[in-house]
Each structure stands twice: as C-alpha cells, then as structure tokens.
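**Student:** Given the coordinates of chain A, work out where chain B should sit on it, guided by the hints.
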Amino acid sequence: MELLNYIEHQYQKNEGGIFVADTEGYWSNFNKEENKRLIESLQYKSALEALRDYRPDFEDVIFSPKRQAGLEILQLQGDEVCIDYGCMWGAMTVPLARRTKFVLGVDQTLESLQFLKARLRDDGLDNVALLRNNLRNMPVLPEQARADVAIINGVLEWIPEAGVIELGTYFGKHHKKNYLGHPGEQQKLFLRRVYENLSEKGKLYLAIENRYDFKMFFGIKDPHSYTMFTTIAPRKLANLISLRKLGRPYVNWLYSFRGVVSLLKKTGFSKVVLYRCSPDYRFPESIVHHDYPMDNSRLINSWKNENGKITFRRTGARITEFVVKRVLKIKNFAPSIIAIGYK
Amino acid sequence: MKMELLRNCWHGSEIATYRATDESGGKIIIKVSTTPGGIKNLYKEVEGWRWYQKLRYPAIQEPLCLIVQEYKSYLKVKINYIDGDKPVYQTGLEGNKDIITRAVQHYCQIWPRSSDLSPMHGDFSLDNIIINSNGVHVIDWEHFTTDIAPWGFDILYLLFELLYFSMYLGKHQHYKPTSDEIRIICEHIKTINTCQQLQPDILKAPLKFVRGFILANNHLWGEQFALYQIKLPVVIFSSEQITVIDEMIGSRMAKL
Numbered sequence: 001m002e003l004l005n006y007i008e009h010q011y012q013k014n015e016g017g018i019f020v021a022d023t024e025g026y027w028s029n030f031n032k033e034e035n036k037r038l039i040e041s042l043q044y045k046s047a048l049e050a051l052r053d054y055r056p057d058f059e060d061v062i063f064s065p066k067r068q069a070g071l072e073i074l075q076l077q078g079d080e081v082c083i084d085y086g087c088m089w090g091a092m093t094v095p096l097a098r099r100t101k102f103v104l105g106v107d108q109t110l111e112s113l114q115f116l117k118a119r120l121r122d123d124g125l126d127n128v129a130l131l132r133n134n135l136r137n138m139p140v141l142p143e144q145a146r147a148d149v150a151i152i153n154g155v156l157e158w159i160p161e162a163g164v165i166e167l168g169t170y171f172g173k174h175h176k177k178n179y180l181g182h183p184g185e186q187q188k189l190f191l192r193r194v195y196e197n198l199s200e201k202g203k204l205y206l207a208i209e210n211r212y213d214f215k216m217f218f219g220i221k222d223p224h225s226y227t228m229f230t231t232i233a234p235r236k237l238a239n240l241i242s243l244r245k246l247g248r249p250y251v252n253w254l255y256s257f258r259g260v261v262s263l264l265k266k267t268g269f270s271k272v273v274l275y276r277c278s279p280d281y282r283f284p285e286s287i288v289h290h291d292y293p294m295d296n297s298r299l300i301n302s303w304k305n306e307n308g309k310i311t312f313r314r315t316g317a318r319i320t321e322f323v324v325k326r327v328l329k330i331k332n333f334a335p336s337i338i339a340i341g342y343k
Numbered sequence: 344m345k346m347e348l349l350r351n352c353w354h355g356s357e358i359a360t361y362r363a364t365d366e367s368g369g370k371i372i373i374k375v376s377t378t379p380g381g382i383k384n385l386y387k388e389v390e391g392w393r394w395y396q397k398l399r400y401p402a403i404q405e406p407l408c409l410i411v412q413e414y415k416s417y418l419k420v421k422i423n424y425i426d427g428d429k430p431v432y433q434t435g436l437e438g439n440k441d442i443i444t445r446a447v448q449h450y451c452q453i454w455p456r457s458s459d460l461s462p463m464h465g466d467f468s469l470d471n472i473i474i475n476s477n478g479v480h481v482i483d484w485e486h487f488t489t490d491i492a493p494w495g496f497d498i499l500y501l502l503f504e505l506l507y508f509s510m511y512l513g514k515h516q517h518y519k520p521t522s523d524e525i526r527i528i529c530e531h532i533k534t535i536n537t538c539q540q541l542q543p544d545i546l547k548a549p550l551k552f553v554r555g556f557i558l559a560n561n562h563l564w565g566e567q568f569a570l571y572q573i574k575l576p577v578v579i580f581s582s583e584q585i586t587v588i589d590e591m592i593g594s595r596m597a598k599l
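In the order they appear, the protein sequences are chains A and B. Each residue of the first sequence is one higher than the one before, counting from 1 in my numbering. Each residue of the second sequence is one higher than the one before, counting from 344 in my numbering.
The hints are simulated quantities; they were obtained by calculation from the structure and are not laboratory data. Do not rely on the hints blindly, as some may be mistaken.
[As the list claims (entries may be wrong)] Simulated pairs of lysine-lysine, DSBU-like, Cα-Cα distance not exceeding 30 Å: (1) Lys173(A) x Lys245(A); (2) Lys304(A) x Lys345(B); (3) Lys201(A) x Lys345(B); (4) Lys387(B) x Lys343(A).
Keep in mind that this is a model prediction, so the values were computed, not measured.
Bound conformation, chain A alone:
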C-alpha cells in the first residue's frame, strides 16, 4: 500500500500506534479533562462502554449507522484507498473501512484519534491508519500514494478556525479572537491540496450545510457560530454580526449549491454532482440527486420547540418549509449539500 508506506516513512508512530506530525491542535466537543478521563478508561473498556460512562449523549453522533448513509452515493467497489479528512471519532472512517481497501484518518486532535483507535480495535478493523496533523498542513503526496476517495464530512467550514477549541466553552460564546488569512482562501487552499492528493480518477465526498437552508431565513441559529442570519447575510455583514455577538470575525463559511460547484471547480475538480440532503447530512433521512424535482417528502420542522411550545419562529419555519417544498418546490433551500467532485 503506497499511501501507508509513505505515511510510515514520513511520520513517527506514537506509543498508541498513531502517526504524529509536528503540528498539533485541539477541536473537540469534549473539553480536555473529559477527553482525558474518556481515553484513560479505554484501557479496560470498549470505546462504546467508555463513551456511555462519560458522554452517553454522544452515542448516536459517533456510533449511529445512520451517519454513513451518504457513502453509498460514491458507489464504491471495495478496492479504494481513502483519506478521511477531519475524521474525529470515526463516524465515517469506520463505515468506510468496512467497504474499502484502506483508509487514512487525519485529525488534529490526538484524543479523538485515540478514541477512534480503540473503536478500530473493538471492531477488528486493521485496514485503517491514523495521522494526527493539522488539515491545513497536509503534505503533497507522491503520485503513487494518492487516494481514490477523499472524505470531507462537516469539516470544510471549520478549516479557517484556529487555536484550541473546546466546543462546549466556545460555541456561541463571546471569545475575542483574530485570524490569519482569508476564510475563503484557506478553504480553497485546503481543497486544492485534497484535489492534488487524489488519484487520476479520484472522487471527493463533500458534505456541508447549505448556506441558504430555508430555516436560516427565520432566525434559526447557524450551527457553527450560533448566531442568527450570519449564513445568509453578505460576508461583510456576517462579520459585523459575529464581531458584535462573539467578539471574533465570521469564518465558518458555508456555501450554496451553486457556490459549492464554483468552489470545487476553482480548486480543480472537472465535474461536480450535487445531492440535496435533509434534515441534515449527519443523520440524513433523505438524499436526492439535485437534478430531481422536489417530491412530497415529509416536513421536518415541528410547530413546537424543544420545550413543546408553539412559537412564532417555529411556526414560521414550518410554514416556510411547506411553501418551499410543497408549493414553490424550490430545491436550492434544502438544509444540506452533498457534493461529489471528480478529478
């Protein structure tokens, strides 16, 4: 396996069997203390048991078989070499390893990879290697080591972020911060490297929220910055909203269907096939080729909020969903986008 040979030659393995690059970072839904306790318990517990002890609320996020539904769009043959960029706990890495020849999981957070390593041990999967590296620092792979498939699942929008991020104390909280570089340019540079590291007939699987998800027009908060209207507002206005609310610029750039195509074409992909996805790409109930017209799919917005109360915002979202889906049949306001980019 050329990709594995290359990784073995380029990086040192730590005592846990994870390849480590010089760069490190931290992006996790768990804080460092939680992660420390979780990782320690993996010595005598399965990954699932350990998670149930410390963060049972994340069982579905990490282990649900629903997470992998989008992978079938790739129509894998079983002999592919894959790279899962920003693999975290392996929600896509593990199902991908079950369907393909080899997977390299890359993530900046060592603790996430340690957890994933335990999952692979529990599941008896030996066709996966893990590399701790900042995704923006991925090397250019030699031609023979390039991957057939690249996975970017809920990662692109986080590429412009920097520094230690413990999501529990960062998400939606005021946290003054400056960034180096332009968010869109950083995303392009990252995608360009992903493109370069694909083999001649390689495919990219990109899953991301739709910037113009119809719910966003009704003040549903952006799932990355937890601010209202930032995804749909022009970037400069979004920046002002974010600076005022969070003390930092708006960098978690999302894209529209057209924007995704444009972005991938600019980074080199020759062909892009789009799918719309609802209620989101993480736990999809429906994935439809974007060429297909809207059908009478189930309405996903409830009249009631999480407290069981009918609110103005929820009512608005429900009515808008009905109008968008059933009356106007507008496709471009779907909640999430899955794009397959062909080299």
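**Tutor:** What follows is chain B alone, placed relative to chain A:
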C-alpha cells in the same frame, strides 16, 4: 447511476435503502448494512425473495434479489424495482377496502396450504405491498423466516395492523373498534378461513393469537422489536382491548 436515499434505518432497522437510476431510466433498489443485526436481516431479505420469486414469478429465471457486495461487516443487496402504487396504510381499514381484498387473495394464492407451519414475511403491512397492472407484489422481506408461523399469521397481522391505524390515526381516535371496522375484519377472516381453514384456537381469538405469536417469537425481529415496538403496532393493543376485540369478532363471525 443516480442514487436516492429512500429510508435510513427506518423504524429502528439498521438498513439503508436506496433507489438507483441508470442513464436509460432503469431503476433498482439497493439495501445496505454494516451492523450484525442489519446484515442478518439482509440475508433474510435475499432468502425471502428467493422463496417468493419461485411462487409469484416462476417464469423469471434471473434472481430478483441478489447480493452484490459482501465483506466481513458490510452487505449490499440489489433488488428489482417494482413500479406501481403503494396503498396509504394510514387510512386504515375503511380507506383500503379493495386493496385488502386483493391482499387476502394474494396471500391465499401464494402461501402454501399446509396444516404445518408456513413461511413468514414478518412485516406484512400495506406499506410493503405494491399494486400495478400485474397484480399485487409483496416487498421488503427483511424478517422472512421459513416454516415458523401457523398458516394465516401474516394476513391476520395485516388486518389487525390496519385496525390499529383506523383506531388511532384517523380523525376520531377510539379505544374500541366500531362495528363497521369489526365487520370488515370478519368478512376478510371468513374469506381467509374459506381458502384454508384456520386453526380453531386462531379463529376463536385471532388478535390474541397474532399478538401472542409476536411476543413469544420476538427474537425473530431482533433488537428492532425491543427498541421500536411501533414497528409492529399490533403488540401495542392492551390485554383489555384484545379481549374486547376478539369477543366482538367472535360474536360477529357467528352471525356470518
């Protein structure tokens, strides 16, 4: 191929179902699983289709359902796409009178008439029936089991599932079935019993039999049953309701 995800681990199953369309518009169904429970159900799907194909489509030589990719913990099967209308099961007994009649006829034609145990579909719901110009087609064989249930189990299940939907999904929810609902059920039980005599204890208390069989054999539905009982709504009827419904059926049947 253009892929569409139709169902993703629906009702607690661990299977994703897709419709794939090729350049010429030809369609197939693809089902995939990576969990032990889901993979077991997909093997049952293949076995069920094999059994059904022999009886329903004897002239077709090529398998209608086959495994296309099989690894250690991944299974993918391909199933012929059947175009047609799907009944609206939510409209219950009243809304599906003709379709129920056709489903009963289909069951009587296909299921072997034996005094011993029969093969079981295991989810013989209107949602798993397609109707087109070629007649009735039963799909979704994920719970198929050979020679396990007394003859009549599946079709009685269909009737009582629809009774449940009539009682709980309609505009006026009611705890006790109406006389019209009982009449529809009894007429169909009579047809079923004419086609192949049901065992006396089944005829005496059909709902008790259906629910009792499911509860006694719940391993056949695996973890899905434990986690998602609404998958088989018949088990949600209370013991009191079952007694009342079976008594109403008994007295109505005596008059037929």
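**Student:** Hints the structure violates: just list their numbers, smallest first.
**Tutor:** 2, 4
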